[in-house]
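Colleague: These are the residues of each chain, in order.
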Amino acid sequence: MSEIREDLRYTENHEWVKIDGTSATVGITDYAQDTLGEIVYVELPEIDAALAQGDEAASIESVKAAAPVYAPIGGTVTGVNENLEDAPEQINSTPYESHIFTLKMDDPADADGLMDADTYAEFVQSSE
Amino acid sequence: MNTPVLFELSRPGRRGYRLPAWDVPKLDVQAVLPEALCADAPPALPELSEIDVTRHYQRLASKSFGVDLGFYPLGSCTMKYNPKVNEETARLSGFAEAHPLQDERTIQGSLKLMHMLITRLCSITGMTWGTLQSMAGAHGEFTGMKLFSAYFHSRGETGRRKLIVPSSSHGTNPASAHLSGFEVVEIPADRRGLVPLASLEPYLNDTLAGIMLTNPNTLGLFEEDILEIAKRIHQAGGLLYYDGANMNAVMGKSRPGDMGFDVIHLNLHKTFSTPHGGGGPGSGPVLVSSRLVPFLPVPDIVQDGETCRFSWDAPQSIGKVSGFYGNFGVLVRALTYILVMGSDGLTHASEMAVLNANYLMHHLKGLYDLPYDRVCKHEFVLSASSLKEDTGTTALDVAKGLIERGIHPPTVYFPLIVAEALMIEPTETETRETLDGFISAMKEIHDLSYGDPEKLKQAPMHTPVRRVDEVGAARNPKVCWNE
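So the sequences go chain by chain: A and B.
Position 51 of the first sequence, counted from 1, bears residue number 72 in the working numbering, the numbering being contiguous throughout.
Position 271 of the second sequence, counted from 1, bears residue number 924 in the working numbering, the numbering being contiguous throughout.
You may find that some hints are simply not true.
With beta-carbon atoms standing in for the labels, derived distance ranges [claimed, not checked]:
id	chain 1	residue 1	chain 2	residue 2	range
1	A	GLU33	B	ASN858	49 to 59 angstroms
2	A	SER44	B	GLU836	27 to 37 angstroms
3	B	ARG1027	A	ASP55	21 to 31 angstroms
4	A	GLU67	B	ASP843	28 to 38 angstroms
5	B	TRP965	A	GLU67	38 to 48 angstroms
6	A	GLU143	B	LYS973	52 to 62 angstroms
Please keep in mind that the hints were generated in silico from the structure rather than gathered at the bench.
All residues carry an ideal CB built from backbone N, CA and C; glycine is no exception.
Using the sequences and the hints given, assemble the complete structure.
Modeller: See the structure below:
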């Protein structure tokens, strides 16, 4: 059973989001990293990029596949986790400590559609 | 054991040839060429005798695996046998020694061959005319997308930017659409593994460019609603692109042109038995419906009576998509195959390809999961999900176990919509005995997973290179032999 944290929000594409005021920190879940397998490359978004909700923001490559990471919320990219450029495997070992990017949200209401931990746990179970 | 590279075998001064003595005055290169053009030192080429070079390549060849050596059920790739008669015609000096800049009058045979090939491919697919320039499938897709653009441009419909790409299509489809400036809209497959008609609805408006469909799709399933899909896309003013990579399933049975498609690419290196993979090169002819003919790449090949010629008279053409006329040697092989098989032979090939796939699917579905359990076309997708849950054996382990047993593994981890996917395409040429051998190997691997899974994790034990470190290779690539 993969780890799901209570204090985060989730998307159907297996991104986790940590909301702090108007700032959103985004990564991929434990379930996502386990499904992808060993991650070998992360393409980060550009700082200041304006993203609409659902836009492709980053891309993760594993030995098995390449998978897009979508912006769970619309906003402007304020930071990226540059550590992942040299050590993409951090997402495998600590998915919830290895964020991919942070956003300044355009509209905090975007977060209303995100799942809480319990709903995401059910979602993961139903997709297995 | 690793085979040393030529640079390691090199010894200073060793030669594979002996030149006669100079019989012209010796010229000092540095005296006649500008300094900037002269290298400081001779190039660091390996120095070897001819026999060492011959043995080096023979040794490598004996370690490589191909369809001439064993079963190669690599799904979606149609690794079918390449009949040797194809090589005979491709080696005819009139074809093999033709130069693309030769005067047209001296290459009438080659031109006629290309004209005849387009004609035959059109009658196989139900399309109007086409080009042979594209070098492989993805290049064909790119060409097709350029044709879409040119068509909409000519009609002033530049707002048509959205291209629907189902999740069951080939991975290159969204890439080609994106590269050509279209906005890719992915729609998921339904429980049948097919495109759900209702999912098209939101896009049927004046921003729709069209749809790219792989049919049969990557699950090996024929899109049952294809006529209705075509009708709705056309009604909304969009165009239909057919990825013909899976044409091997339907030759002589159904034609994209009759389904209403506007553009199709074929993979001659898949369906039409020309070399594939490391032995390529490929070829991806593009064929179109009548309304897209004016936009085809130039030069076109036209026949006036007995004479063929290139025609550049196409003001709306998207231009050239290759330096010359495509991979000509591949075209010779493909036409040979078509003529040798005949239309009944091609139909029979598709029938056998589908029968073989269903035979394997029937015998393997008790051992591995079959997420889409329906009669398949030329390929099907198993999943090792239950096996992984019960025993820890993954699709990758199954693949390595097959290598140990002298069989090329199927495509693994694709399509992405199936977890632990094993995508199997046997092709038409395999005998019942070969198919049964594959079923036994898959059963052995299944049983070993439950009996001695660690042994399977060690596989392959008897290959020149055992499990390669794919993660290390991707994270820390070493691209120099002596690094």
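Colleague: Evaluate each hint against the coordinates.
Modeller: Results of checking the hints against the structure:
Look at GLU33/A against ASN858/B: about 25 angstroms separates their beta carbons, and that is not inside 49 to 59 angstroms. About 29 angstroms separates the C-beta atoms of SER44/A and GLU836/B, a value consistent with the hinted range of 27 to 37 angstroms. At roughly 29 angstroms, the beta carbons of ARG1027/B and ASP55/A sit within the given window of 21 to 31 angstroms. A C-beta distance of roughly 36 angstroms is found between GLU67/A and ASP843/B, which places it inside the suggested range of 28 to 38 angstroms.
Under the hint 38 to 48 angstroms, the C-beta atoms of TRP965/B and GLU67/A, about 43 angstroms apart, fit the expected range. Between GLU143/A and LYS973/B the C-beta distance comes to about 55 angstroms, which sits within the given range of 52 to 62 angstroms.
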